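S.K.: Both chains are sitting in their own frames, so use the hints and assemble them into the complex.
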Amino acid sequence: MDILSLLLTGFAIAFEPLNLGLIVFGCAVGLFIGAMPGLGSVNGVAILLPMTFLVPPTGAIIFLGAIYYGAMYGGAISSIMLGIPGASTAVATTFDGRPMALKGEADKALIAAATASFIGGSVGVVLFTLFAPPLADVALTFGAPEIFALMLMAFATFIGLGSDDIPKTIFSIFIGLVFGSVGLDIISGEPRLIFGDIPGFFHGINFLVLAIGIYGIAEMLWTIEVSQGDVMISQATVSVRRILNSLRELTRTWKTMLMGSFLGYFVGILPAAGATPGSLMAYGISKTMSKKPETYGKGNINGVVAPEAANNAASTGAMLPMLTLGIPGSPTTAILLGGMVIWGLEPGPMVFTDHPDFVWGFIASLYAANVFALLINIAFIPAFIWVLKMPFTILAPIIFVLCVVGGFVPTLDMHDVWLMLIFGIVGYLMRKLDYPMAPAVLAIVLGPLAEPALRQSLLISGGSFSIFFSRPFAGVIMVIALVLFALPLLKIAKSLIRR
Amino acid sequence: MRMAELAMGVVMGVFSLYLMWKSAELPIGWIPDEGPGGGAWPFWLSAGMLLCCIAIVIRWAKRMTPESRSEDVYMDGRTFKLFLLNAGALTGMVGLFHIFGAYGAIPLFLIFYLRFLGGHSWRLTGTFAAVTPVVTFLFFEIALQKTLPKGITDPWFEPIFSFFY
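In the order they appear, the protein sequences are chains A and B. Take the first sequence: its letters are residues 9 to 507, numbered as in this note's numbering. Take the second sequence: its letters are residues -17 to 147, numbered as in this note's numbering.
Same shape as in the complex, but just chain B (with noise of 0.2 Å):
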């Protein structure tokens, strides 16, 4: 954990230093006429941020926070399967989405993570990953005319919407 805390504050660092070069683009200072230049907001805020970082690590360095004097493991081996599949299973649904569409991606996530994931029963899977799909159909596309990605699935709706329309 302590490891893990001075890490974050790095790279938040590092990061607010990126900020402060990318709004830099634009003028930080004072333009006649026109006020504050586009980018003097981003470029301050982030040199607040680099601040609030340098603040972090010496507090590390000085163990004041809980984090910074704690010597547990950030994330155990189980936490980090877990994690892994986790955020990779809602990975590759957003990443299905471009292909199969939001009609092909949720039910392939729902069985992965209902049966494979969560032991479930397959009649119990297969409910879920059948009606979630219309479901989600009916409100969002036909009740509030949102339409969700559709992927190489876009023709099979086209008799679907001209039975609504």
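If we strip away everything but chain A, and leave its shape as in the complex, we get (with noise of 0.2 Å):
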């Protein structure tokens, strides 16, 4: 049977009833769930989880799926419209998608999102559909050394980031990677900076404290400077002919979201990566190719399309080694796994001919995931309009509720509101002497995923670097990011030429 037939059995279980009622149902309740600062993907699916076993396997993997997608959906909302990232895959959308809403262009904004979340999502279904055993086989191949090499790729795109500060954006990033070491020596097990032997500081340091600490408190009190305390009304609307206008502007935009998808799905595929370092790697690929860079991070629509196109393609891709390997991409596919085992399906290569039905269904309620996400999303855009349309002196203290509940809620420990509270304050005042924030929370993000991959290699090489240069795809990917390092450099060296 070739892949077109078997795809057409998949959309015959996916369009039946109970199971479209689930992929709409899982649709909105994920949207939600995303839109939630604090709560993301894994948390909808994991919470949820328990109800799938009232209905078959099928069902339920199709229900979680529509969830997951959902909230990769809603994720961008939260980073629009508040400039909380409701998860760490929508850090990169908060840097062009908030100044865009304050701009008064949030409808603009989060039509951008959900499309580019569309083509990404769509473009990493029909990946997923035509080469998922090859890509599965690629995938494996790269051990610690390439995820190094990626992870510091992230890194160098980091550093266009930030303002032209050069010694300041480095500094971010790396005060961000410290703070992702802090709680237990992932090796020894031994507690490290332990600031005070406070019992916090063990469960180390979510990385939603320092975001909305930064993207919520700090941010919260930049506007309010500006503002000077004045009841400031947002100026966003919406009506169907803006919503249309900002479709066809966003055609200008389709090399930036193919990028973007085919980036993040490879990213996504990657054992352990997941759509965060795609959706950051996707952001700062696309500064960098931009003819205008100066304008990203002041509410440039590319900002938005490529981690949005990036973070759903990589979600795709993060199912692929759980599904044809038994290997999740991310937490959120973890989770898919156990329920798979749960329900008596070994996920690995087996699969595809012990279950067709239930493979084919689940790849073919992806594609009807993303449609039905993209119309949800987009039917309530007028009611997000509607709640930025709020005095700000109403909108501010219900986001300061929402950022010490939403950073309560990852860990349930009141430690982690009195360190965001502490962000917060010192980003605000590290904002005013134009200190960049975005790259510590992207480097605390990837910090845990970097070192133990660094640490790894040496332990292989026995402590020599060139592990990074010997092997091929390591090697290639180290080049290009020495490259990326070394362009801010010798501008700086350019400029003290010139003094």
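Calculated directly from the structure, the hints in this document are not laboratory data. Watch out, some of these pointers could steer you wrong.
As the list claims (entries may be wrong) - Label-pair ranges, simulated between beta-carbon atoms:
| id | chain 1 | residue 1 | chain 2 | residue 2 | range |
| --- | --- | --- | --- | --- | --- |
| 1 | B | 129 | A | 139 | 41 to 47 Å |
| 2 | B | 67 | A | 468 | 53 to 59 Å |
| 3 | A | 490 | B | 120 | 48 to 54 Å |
| 4 | A | 61 | B | 140 | 24 to 30 Å |
| 5 | A | 199 | B | 48 | 39 to 45 Å |
| 6 | A | 235 | B | 140 | 39 to 45 Å |
| 7 | B | 15 | A | 259 | 55 to 61 Å |
| 8 | A | 352 | B | 112 | 44 to 50 Å |
| 9 | B | 140 | A | 26 | 35 to 41 Å |
| 10 | A | 306 | B | -7 | 26 to 32 Å |
| 11 | A | 379 | B | 146 | 31 to 37 Å |
These figures come from a predicted structure and were not determined experimentally. From the three backbone atoms N, C-alpha and C, an ideal C-beta is built for every residue, glycine too.
M.R.: Structural data, given as structure tokens:
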């Protein structure tokens, strides 16, 4: 049976009334969970996993897949509307999505995010359908040196994320990486950087604590300073004409969408990488490739499109090693994998031959989930805009409350709320001096992936850094990363020579 | 602004040194059969932070950044008052979480902010102060089963939970 016939069989399963209902419900629930600060797709899938025992296994995985998709779409909503990334996958969307909302272009940003998510998700599903087994084999050749090289490339793209002040940008990256290393040493298990033996540091610093502190509290304090406490009402509006105009304008971003989709998909496949590095790298590369890099961070639509296309493509990519090899590519797919095992389905190469109805029904449901998530998202845009039109003196305390609750929920520890407050206040004071804070947030997310990869690589090579250049994939990625690092340093050298 | 740029560079430099010292509590060199010690990663990153701070101070001395050339005040009186009121109200709310729990602290914060900082009517203030905790409770505690701190109000929730479960 060829792929097309299998896919058509899958569509017949996905469009059964119960499964279709589960797709629509899952997308809607996922959208709202993803939009809440502090909650992401992993929370949605984990919380609703017990509900899936009420339906057959195929319906269950279709439902969880739809929640996953919905939450990936929803993550952009709080990033754009409130400036608080709902999950790590939506951090990069905040950089340009929030400035667009502040300029009265929230509808445009939301449509761009939804459309890019749709394109990214669709490209991801098509690649998933056509190239699942060979891509899984390529992903398996990625060991610790390749993963570290990839992380280094992501950090190299961060250099271009901040202001032109390179020392401040590098400082921001380093401090994020150090905060990411707080907790227990991954190899020896010994406590590390436990300031004053405070128990809350033993579980490390959750990235959301830093992200909400910086993008929630510091951002609000900054906005209050700019408005000088006046009653400020956003000029955001929405109409069918504006939506159509925005869609027309989006056709100009097709290159960015495709770049984000392919990059995100491939990074998503890599075990333990997931959607976050993909979205961050897509943002960095989009800025590097742009003719107007200075407009990024100030409301450039490509800055919304690149990470959103990448994170949705990556969310599909992360399902590939889960389904074909039984290796989850992200925390959410780890829970999906757990669900499959509970339902008596053994993930791995044989699942395609042993349970074709299940696999192809699931793949077809991803196509449908993409369409429904887009439609639900666009249908709710007027409601999201309505929230933005509230006077700032009402919106501000509600955002502060959401920040505090969102900072508490991931770890259920008040220590993290206090830490978030400190990060918010210090972040505000640093922002006034043009310290770019985005790289710190990105580094705290990627640090816990980069450190074990580096240590494992050096252990394999007996301490020699040549391991990063002697392996083909790692070598190529390393060279690209070093070139990206060198570019801004050359810029500094050039300016010093001119002076 | 110029002095603030220097002060921030120096404070962050001192913080980097502190992080280096804390990191060195674990081995920072190579351990046979184990690879780099547990403190190596944060130690060398903190050293990198320190180098960046030195670069920031040198650039300040050479007036190479807009902040190091600026003669504007870092925070004028009105901005400072707004900062203190907002940051203070937020700190107060987080502190009250320990005593009155989320469902006591959130309405108190909203009343203070909406009525006294925002100058909104008592009707609007009361509506938000009443509705926000209810929505928060239903969404987080009932739908998502995420327990928020309750402080001394904890016993009041027993009948509510027994109603739902």
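S.K.: Look at each hint and say if it fits the structure.
M.R.: These are the hints, each one checked on the structure:
Against the hinted window of 41 to 47 Å, the Cβ-Cβ separation of residue 129 of chain B and residue 139 of chain A comes to about 44 Å, which satisfies the hint. The supplied range of 53 to 59 Å is met by residue 67 of chain B and residue 468 of chain A, whose beta-carbon atoms lie about 55 Å from each other. Checked against the hint of 48 to 54 Å, the pair residue 490 of chain A and residue 120 of chain B passes, with Cβ atoms roughly 53 Å apart. Look at residue 61 of chain A against residue 140 of chain B: about 29 Å separates their beta carbons, and that is inside 24 to 30 Å.
A C-beta distance of roughly 41 Å is found between residue 199 of chain A and residue 48 of chain B, which places it inside the suggested range of 39 to 45 Å. With their beta carbons about 43 Å apart, residue 235 of chain A and residue 140 of chain B fall inside the hinted range of 39 to 45 Å. For the hinted restraint 55 to 61 Å between residue 15 of chain B and residue 259 of chain A, the CB-CB distance of approximately 58 Å keeps it satisfied. In this structure the supplied range 44 to 50 Å holds for residue 352 of chain A paired with residue 112 of chain B, their Cβ-Cβ distance being about 48 Å.
Checking the proposed 35 to 41 Å range against residue 140 of chain B and residue 26 of chain A shows it holds: the Cβ atoms sit about 38 Å from each other. Here the CB-CB span from residue 306 of chain A to residue -7 of chain B is close to 28 Å, well matched to the stated 26 to 32 Å. For residue 379 of chain A and residue 146 of chain B, the Cβ-Cβ distance of about 35 Å falls inside the hinted range of 31 to 37 Å, so the restraint holds.
In summary, this structure violates none of the numbered hints.
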